[in-house]
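*Asks:* Top to bottom, those sequences are chains A and B.
With the working numbering applied, the first sequence corresponds to residues 1 to 161, in that order.
With the working numbering applied, the second sequence corresponds to residues 1 to 182, in that order.
Source of the hints: derived by calculation from the structure; they are not laboratory data.
Just to be clear, a hint being listed does not mean it is correct.
[Unchecked claim] The list that follows gives simulated cross-link-like pairs (lysine to aspartate or glutamate, DMTMM-like), each with its CA atoms no further than 25 Å apart: (1) B:63 / A:129; (2) A:65 / B:30; (3) B:72 / B:87; (4) A:106 / A:84; (5) A:126 / A:84; (6) A:157 / B:45; (7) B:72 / A:120; (8) B:63 / A:102; (9) B:55 / B:45; (10) B:136 / B:61; (11) B:79 / A:144; (12) A:157 / B:30; (13) B:79 / A:75; (14) B:136 / A:120; (15) A:106 / B:62; (16) A:157 / B:62.
[Stated by the list, open to error] Among chain A residues calculated to face chain B with C-beta under 8 Å, some are: (17) 39; (18) 45; (19) 50; (20) 51; (21) 66; (22) 67; (23) 68; (24) 127; (25) 129; (26) 135; (27) 155.
In this text, a Cβ means the ideal position worked out from N, Cα and C, and glycines have one as well.
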Amino acid sequence: MKTTLLRGLRPFAAGRAPLPSLLFLFTLAACTPEPNWVGAPRVPTPVLLGPVDRVGGHRADAGGKAVGQFGTSVDQTASYSRSETQVGTTVYVREERTASRDGTGKLSVHLLRAAEGRGDRDAHVKSLDLSSFILITASYGFSELSVGVSGEIVPAKGGAR
Amino acid sequence: MRASALCAAALALSTGAGCVGANTSVVAPDAHYPVSLSRAVRDRDGSLVPGERRKVVGTFDEKRTAWSMFYKLVRLTPKTDLSASIDRQVKAAGGDAIVNLRVGTLHCGLNVVPFLPALPLWPGCARVFVRGDIVKVLPASTAGAAKAPTLTGAETAAPKAPAPAARPAKAAEGKAPSGRWL
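With the rest of the complex left out, here is chain A:
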């Protein structure tokens, strides 16, 4: 075990360890003040989190038949990779950074498609999952922030179109 640990620390001491990956991810985490937001402000259909579907505390019919479903994941990812190739006395270093972010309107698009923009339907959120993930190896770093939303479209009783 001791030998394994010492062997494991050797790359760090040699400066070839995941330090670039760590620095990249640390900078990314520290310099990302804005969370990976998800919302649906432009959707004319109520998108309900929780059982109450009306002002006054009315609870939605649990046995309501769904007429549609929606589900999407809004992700924000970044990665860093580094590789070295030695040809003779020359060392070629290749670094690659990527970053991508889904638009905040992604959920709205899915909801508008599923509910067809109708006011006589409600969208009930069944799951709203948030996730953060970081993977660091000696030459690769990956960061992901994800918000997954899924649910059902149901007709609103007494709802106006």
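Chain A is already provided as a structure; the job is to place chain B on it using the hints.
*Replies:* Frame of chain A, contents of chain B only:
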């Protein structure tokens, strides 16, 4: 089991690899107020409340932290229940509902501590942010239901609202309270 955990830790340390993070589900099963991720909310009679009858009386703001261990395999915070916070904040603001709910997540500092995420016992975490507008639904007479609507036809087709033909679209856009409504 113990041996495999030790092997995993040794492997992680020897390769310098590590993964860390957290995940949680945001729920509000016991909330007593309607909470909508969109701008729309229904009145007591089931009709959509038009924009001019929604008065923003406060901001719902909640921050939580979700935790995991063993490379996210063990969720220490499987659910983030907002029910109590929703009831408390809406009641304090004198509101009727929350609209425009936004949910966001960020890494927390423990995820990027050097080297330690390689340990399976190292806790990973995710910061959870939830924000929304607490609105009070005004009575139809107070809000002047006969005025031009501010939103789309779908929302303004409530029974007490005037006929869509009487509302020019440009006038409706001009009354919109902010860009996000357009």
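*Asks:* Does each hint hold? Answer for all of them.
*Replies:* Status of the hints after comparison with the structure:
1. Annotation: proposed proximity of residue 63 of chain B to residue 129 of chain A holds, straight-line Cα distance about 15 Å (limit 25 Å).
2. Note on residue 65 of chain A and residue 30 of chain B: the hinted pairing holds, with a Cα-Cα distance of about 22 Å set against a maximum of 25 Å.
3. Annotation: proposed proximity of residue 72 of chain B to residue 87 of chain B is violated, straight-line Cα distance about 31 Å (limit 25 Å).
4. A threshold of 25 Å between alpha carbons decides the hint, and for residue 106 of chain A with residue 84 of chain A the separation of about 38 Å lies outside it, so the pair is violated.
5. Proximity of residue 126 of chain A to residue 84 of chain A is assessed by CA-CA distance (about 47 Å); at most 25 Å being required, the pair is judged violated.
6. A hinted pair counts as satisfied when its Cα atoms are at most 25 Å apart, and residue 157 of chain A with residue 45 of chain B qualifies at roughly 9 Å.
7. Between residue 72 of chain B and residue 120 of chain A the alpha-carbon distance is near 40 Å, which puts this suggested pair outside the 25 Å criterion.
8. The straight-line distance between the Cα atoms of residue 63 of chain B and residue 102 of chain A is roughly 22 Å, inside the 25 Å bound, and the hint therefore holds.
9. Of the pairs offered as hints, the one joining residue 55 of chain B and residue 45 of chain B holds, with about 19 Å between alpha carbons and a cut-off of 25 Å not exceeded.
10. This hinted pair checks out: residue 136 of chain B and residue 61 of chain B have alpha carbons roughly 17 Å apart, not beyond 25 Å.
11. For a cut-off of 25 Å, the pair hint linking residue 79 of chain B to residue 144 of chain A stands: about 20 Å separates their Cα positions.
12. The suggested pairing of residue 157 of chain A with residue 30 of chain B holds, with an alpha-carbon distance near 21 Å, which does not exceed 25 Å.
13. The suggested pairing of residue 79 of chain B with residue 75 of chain A holds, with an alpha-carbon distance near 20 Å, which does not exceed 25 Å.
14. A hinted pair counts as satisfied when its Cα atoms are at most 25 Å apart, and residue 136 of chain B with residue 120 of chain A qualifies at roughly 22 Å.
15. Among the hinted pairs, residue 106 of chain A with residue 62 of chain B is consistent with the structure: their alpha-carbon atoms are about 23 Å apart, no more than 25 Å.
16. Restraint check: the Cα-Cα separation between residue 157 of chain A and residue 62 of chain B comes to about 31 Å, which exceeds 25 Å; the hinted pair is violated.
17. Look at residue 39 of chain A: its Cβ gets to within about 4 Å of chain B, closer than 8 Å, so that hint holds up.
18. Taking 8 Å as the C-beta contact cut-off toward chain B, the hint placing residue 45 of chain A at the interface holds, the least distance being around 6 Å.
19. For residue 50 of chain A, the interface hint holds, the least distance from its beta-carbon to any beta-carbon of chain B being 4 Å, beneath 8 Å.
20. A least Cβ separation of about 7 Å between residue 51 of chain A and chain B falls short of the 8 Å threshold, and the interface hint therefore holds.
21. Nearest Cβ of chain B to the Cβ of residue 66 of chain A: about 18 Å, over the 8 Å cut. The hint is violated.
22. For residue 67 of chain A, the interface hint is violated, the least distance from its beta-carbon to any beta-carbon of chain B being 16 Å, above 8 Å.
23. Interface hint at residue 68 of chain A: violated, since its Cβ lies 15 Å from the closest Cβ of chain B, which is beyond the 8 Å cut-off.
24. The beta carbon of residue 127 of chain A is positioned within 8 Å of a beta carbon in chain B (closest approach about 6 Å), and the interface hint is therefore held.
25. For the restraint placing residue 129 of chain A at the interface with chain B, the shortest Cβ-Cβ distance is roughly 5 Å, inside the 8 Å limit, so the hint holds.
26. Using the Cβ-Cβ criterion of 8 Å, the hint placing residue 135 of chain A at the interface with chain B is satisfied: the shortest such distance is roughly 4 Å.
27. A hinted interface residue such as residue 155 of chain A counts as satisfied when its beta carbon comes closer than 8 Å to some beta carbon of chain B; here the least separation is about 11 Å, so the hint is violated.
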